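Undergrad: Residues per chain are reported as follows:
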Amino acid sequence: MVRKLAAVLVAMFFAATPALAQWPEKPIRVIVPFGPGGTTDILARTMQKVIDEKKIIPQPVVIQNVGGHFSVGARQVMTAAPDGYTFLAIHLALLSGEIVDPGRGISYRNFEPVALTGGFCFHPIVRADSPYRTLKDLLTAAKDRPNTLVAGVNIGALNHMGGLFLEQGFPGAKFRYAQIGGGGENFAAIMGGHTQMTILSSSEYQTYKANGVRALGYTGPARLALEPDIQTTRELGLGFDYCAENFWFAPKGTPAAAIEGMANALERATATPEMKEFFDKQAQTGQFLRGAAFAKHLVDIYQSIEPVAKLATPPQQR
Amino acid sequence: MTLLDSFFHLMEPAPFLLMMIGVIVGIAVGVMPGITAGMLMALTLPFTYAMAPVDAIILLISMFVGGVSGGLVTATLMRIPGEPSAIMTTLDGYPLAKRGFPGRALGLGNAASIVGGIVGWIALVLLTRPIADFAVQLGPWENFSLVLTALVLVSSLSRGSFLKGMISALLGVLLAFPGVDQTSGLVRLTFGFDAMTNGFQLLPVVIGLFAMSQLVADTMHVNQGTDHIRANMKGVLISLKDYATHGWNMLRSSLIGLWIGIHPGVGATVSSIVAYTVAKNMSKTPEEFGKGSEEAIVAAESANNATTGGTLIPLLALGIPGGIADAILLAALVMHNLRPGPLLFTTNPEIVNTIMATHLVAHLAMFATMTLGTLVFARLMLIPRAILFPLIVVFCAIGAFAMDGQIADVWIMLLFGLVGLAMEIARFPLAPFVIGFVLAPLAEGKLRSALMISDGSLWPLVTRPISLLLLLVSVACFVWPFWREWRQRRNSTA
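Just so you know, the sequences run in chain order A and B. Under the numbering used here, the residue at position 254 of the first sequence is numbered 254, and the numbers go up by one with no gaps. Under the numbering used here, the residue at position 150 of the second sequence is numbered 150, and the numbers go up by one with no gaps.
Because the hints were derived from the structure by calculation, they are not lab data. The structure presented is a predicted model; accordingly, all values stated were derived computationally and were not measured.
Straight-line Cα separation of at most 20 Å, SDA-like style, residue types lysine to any residue; simulated pairs:
| # | chain 1 | residue 1 | chain 2 | residue 2 |
| --- | --- | --- | --- | --- |
| 1 | A | Lys281 | B | His336 |
| 2 | A | Lys209 | A | Ala225 |
| 3 | A | Lys276 | B | His336 |
Pulled out of the complex, with its shape left as it was, chain A reads as follows:
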């Protein structure tokens, strides 16, 4: 009898909690669907550190890396309970991945958009002693001798799309794409003379620029403060810009209080001097978007990359 009563009391206590709930009342989990050390991972962890140190959220924020294909981690968030305690930190890959490989059933539309915190754009890169002094030299060569200049990329990923954007902006130019991988691998391949060009993110370029590579342009809408001498692709007459921003999502159906709470925290963190310094050091832009503006931005971005992302689809998928 006593036991039964205790059970009822316990059940009532737990049943009562959600009504009293004020987000957040337990630790928050952020899934980074990439291995540790990547651009998104570093951003999420720096953000977490700032949120923690400034006590912006009274509960701990835990970053969890899920390696391998980004869709694995994204799916974990997509199917997680929408209780307001699971979030996803990701970039443009969530949008382009849907176009490149639609069979995965993963779409940004299956998530609640939370916020956009800064982003990075790209540089076309050659070796410092390359005969191609300007982007025009490079693209002219790629037009005169199509499918001979080897561009090191990660097929279907952001650097591959960067190369395709260049081709779109300079009709007739055609690179020979080779699967090399991310920034580190592509830097090594260029230095070893195995590839003639690649696309590096602005932060990757900051890492490698002193070691024998040269940027021929910048795909951002305006010149980078760190690199005032590198012309943008629009200035060079290619008529496009191409950047990848840092997106935060929650599972569909997450309570508005949690989405607002997280967006508030990210907005406050983004405005701190610590985050500003981080964005500068990483050659990232530090803009912030949330709510309807962010949702609209996602639709715009999706439309702008759709034609190029289709071209990045590996042949066996077309």
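Following the hints, complete the assembly by docking chain B onto the known chain A.
TA: Positioned in the frame of chain A, the structure of chain B alone reads:
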């Protein structure tokens, strides 16, 4: 901060304590099967945020060194590799211990570890920059040929039937294919299971294949007394004469481990296998290998420790991690806003020097700890199986789960436990399976990159000199055991 300053810094109480903690916890984790040094480092990473970068590096490098060395104890006393890199040590360490020389087996492995570590360290200090300059010229063709050479070496490695060894290796290759096709980013062969998107991950496969299968097999006769061997101190410190006898083997195996470690993605496990195979082929008593050969233990343990120095070279010089542990080190550096690469030598010499100094001092600390603490670590083996095994099973499950937080990985681990058990019963060797599994994605990725660069032509494989040389070596490795067997047969009939 010069290298000397870094040594002095390590002698201060706080850094010294951190290093000892790292080494001891590393060894303990190395001893426990299923939990790797890489996993320990991953779990430690969050605790290093608050530390100064130099201290974080000291802790992580010490764990790396301790972990690779601790695998020896379990390999020798329980025939389970405490770390994947101790696979080869199980083949001979255990038989030697079983014959009544556990102290000797541990002592030899320990001595080989320190020699391998020191050789690796010397190379790390002297060669980092020049070797990185050279390695950058190795393109996908050379890398493919290198991996192929390693795969061929596996064929001469298998105990017993050559055919069973090949089948085992090819099964490993086959099971490496499901998951993300790294060349196109597309997912293949998942049979519609979302949990299969990342394919079979190395950790659940290795834990299942080596730890679980062994546990299940041993549990079948859990009451028949212990198979694990009581350690004694007899022979733990080997004599100078032993160093002289095994000196050439130690040096050769260390150099092999070092050379393999320099190549990204081919880590301590492969290096110990190659060193073991070379030692077997060069040995005057190859028939002793697999039955408790001292040469075998020395070869495997020198090589895997030398690899720790080797894998740090591309990490420091190019920012490219050589293995799982290096990937975690890279993450630690990046988290502290440090960027590995040639630039690190000028911008943060204290980090480069700390890594180099810690690598050496942690090896010395490891040697002292392992020598003095043999009985303490071996006591882990005296815990009754009924208590120890469930604990290890829990660790296996945690280990399989922890990497990606996927429960499916635990099922995969259990599945491979059954596969391993079945293979053991049918007397298929397990090591070639794992090697095929590890090397297949590398070989595939490099070859497909190469073909994309050459627009489909295979000719560069033989027109590029380094690639050609490596291919010739692999042919020689393939033919050599046959030729030797044929010659022996002819001699015996003559």
